[in-house]
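Colleague: Spelled out, the chains give:
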Amino acid sequence: MKLKKLLGLILTGAMVLSMVGCGSSGGGSSAGSGNATEQETENEQEAEDTQQNEDEKSPGESVADSGEEINLTFWHIWPDAEMGAIVESYVELFEDEHPNVHIESVATQEVEYQNNKLKVAAATGAQGDVFMCWGGGYAKAYVDAGVVLPLDDLMEKYGTKDELLDGTLTYGTYDGKTYGLPLKQWAGALFCNEELFEEYNVKIPETFDELLEAVKTFRAAGVTPMVLGAKEGWHIGMIQNALAVRTEGADYMNRALQGEETLDTEGIVKSAELLCELNEAGAFPDGTLGLGSEESQEEFYMGLIPMYFGGSWVSSGCDSEENEIQGLIKAVPMPAVEGGKGGINSFSGGAIDMMMINANTANPDVAYEFAVGITKYMSEEAYKIGDSLPAWKVDVDESEVSPTLRQVEELIKNADGYVLAWDTFLEGAAIEAHYELLQGLIAGTTSPEEFAAGMQAAQEEVKGSEAE
Amino acid sequence: MERALKDKKAICFFVLPALIWFCLIALLPVFQSAGYSLLDWDGIGDAKLIGVSNYVKMFGDPLFFKAVWNSILLAAASVFIQLPISMVLALVLAGGVRGENFYRNAFFVPVIISGTIIAHLWMKIYHPSYGLLNIGLEALGLASLKREWLGSEGTALVACFVPMVWQYIGYHMLLFYSAAKSISPEIIEAAQVDGATRFQTAWRVIIPMIVPMIKACVIFAIIGSLKSFDLIYILTNGGPVHASEVPSLLMYKKIFISNEYGYASAIAIFIILECLLFTFIVQKIFNHIQKD
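If you're matching them up, the sequences are chains U and W in order. Sequence positions in the first sequence follow the working numbering and run 4 to 471. Sequence positions in the second sequence follow the working numbering and run 1255 to 1546.
Errors might be hidden in some of the hints.
Here's a subset of chain U near chain W, in silico, CB distances under 10 Å, partners left out [said to hold, decoys possible]:
#1 Lys122
#2 Thr227
#3 Leu292
#4 Glu435
#5 Ser468
It should be emphasised that the hints constitute simulated quantities derived from the structure, not laboratory data. Even for Gly, the Cβ is constructed at its ideal location relative to N, Cα and C.
The following block holds chain U by itself, in its conformation from the complex:
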């Protein structure tokens, strides 16, 4: 009888534990693989194609790149149709050129990939041979753990550096070594719907005061003036970070975010104050703290909200035939702030999206060739559809490029400085602190002074634990 009771007890206990376990420790490891959109069927198809191509090629040719069968895995973040098709078309192209190479591409939705899948895999160096990654603070832990291949020798060997635009390697470089190939650049701009500005007789803002005035006019007319999905901290960050470029200047911000200078400065307090001023003037949608970025920007694309401060990727939505604002959008820089240290030619942005190579890959040369190829190819294609500015010296017919993106490109022609979004610069706990403090500003529970002090404290804590 006792034994039975004991067994019963163990089983009950185990059941409770497993229920909890699913929610906690188990979640971590399973979450990553769960949402991956595997493209096995497609790849099987490609494998057959490759086979055919191999047969077609003359013996002389195939000797050149024959050798053993090489399998590469490629991890990326474009399960969607538009970008996914670009990836697949390059994979096919590469496999055609290299009949002995088979590439398996695995697409995962971006947030899932960034937060879960890559982190779990990189802990054991099990990510793809070539994998999409973010430079700056994000990849630092991976580089430190030695799971990313340094590319300097390979870059030297293939003369890659000459093909890249200046400054695009900055955030893929750690301790003087390069680890990432830049995929694209972005720049922040204020996208204005000219039709709405005309309808309400508002001037497109060039200074912060004009911006505030525009906000008040739109609000008084019952129009939500600016897009913001404050449920996602980074979306608030886009605006505040850009304001900080104006108030504190690009050079200082870059040093401060790297931990060389303090983040608790008057200029940064000021940037938070300006954000609060916008918020108090009713710039953002009602209930913005409960809205996600996608939900919020939808109304901009429908032509209901006149202003959206966002990255250059907003262009693709502006020019998309699915939306109702084609040809109505004017991109202008973040308005100038009187007394600020940064001029109108400093931008938020930079090259942070990278292709990296797994340090454990069996074929670094082929992986590198593929990584360079796809990076260049995507840089060009993404430029055409208005997703981002190229990081490579590309040769694209201007008429093929998204018109709104061309406007952004015009803006940055004379750019004298870039600052990345803070959340890509910062590391670990400082990112979470950044989001929290930003949301506090919008909710009115954090003062601008507390914001700056809090950012500095979080930065010190992260840098401090690293130094130990």
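Assemble the complex: chain U is given as a structure, and chain W must be docked to it using the hints.
Modeller: The following block gives chain W in isolation, referenced to the frame of chain U:
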């Protein structure tokens, strides 16, 4: 059969494979987590043993207490709002109404829909400008009651609780319903012959007879609430300003945004112990009730 059940060796032998499997996939990770909770580790690089510092940090973190308090509120809402509603529905259905099967299935539908989808449905309901709730209030002339349901600190938590409580009403209803149906009809007829009303039959005959099922449901409801994650993750992501934070969400953020694997493991261990503690307490209370 009876002889087989008396043979303790046989029981051990047949339970063993499942038990070993269970230990490997359920118990072992828990102990691993306990080990991780003693580390200062970002989940990727080198780990450093720091003893119970993570627990000290956890118990000194006001945010953690807020999250735990929120989850306890949710557990209370589940037990005192969700279960009574389920019980009433179950008793009404078990008492026999027209279209019993239809209603039973209809109430069960939210249970089979994925939590993610439910969260998105409710997000649309709560949307401040075109949400069903605000539009409905306006149509009824109650525009003053319109709120930014998920976006303001005062309402976010309650706004999250409503779909969470609603979702599993059907689940508990089905359990109560099947328990009530399994009571032999003679007993209920006997009560009716004695002149008991429907309410008296339910209150004095059916409910006392399904106490074991009530106990199971209370435990399910409490544990489910303490480890709730999906709906809140999508609806508010714990916001605004942590108004709707719960422990499992906090743990998730610590692992995947802050890279504090050790600290997150400490939270995981806390959730496990908390669930065990509540299970134990509920068992004790019900043992007491059943004895009376």
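Colleague: Now look at each hint and say whether the structure bears it out.
Modeller: Evaluation of the provided hints:
The beta carbon of Lys122 (chain U) is positioned within 10 Å of a beta carbon in chain W (closest approach about 6 Å), and the interface hint is therefore held. At about 8 Å, the closest approach between the beta carbon of Thr227 (chain U) and any beta carbon in chain W falls short of 10 Å, and the interface hint on this residue holds. The interface hint given for Leu292 (chain U) holds, since its Cβ lies 4 Å from the closest Cβ of chain W, which is under the 10 Å cut-off. At about 5 Å, the closest approach between the beta carbon of Glu435 (chain U) and any beta carbon in chain W falls short of 10 Å, and the interface hint on this residue holds.
Nearest Cβ of chain W to the Cβ of Ser468 (chain U): about 8 Å, under the 10 Å cut. The hint holds.
In summary, the structure agrees with every hint in the numbered list given earlier.
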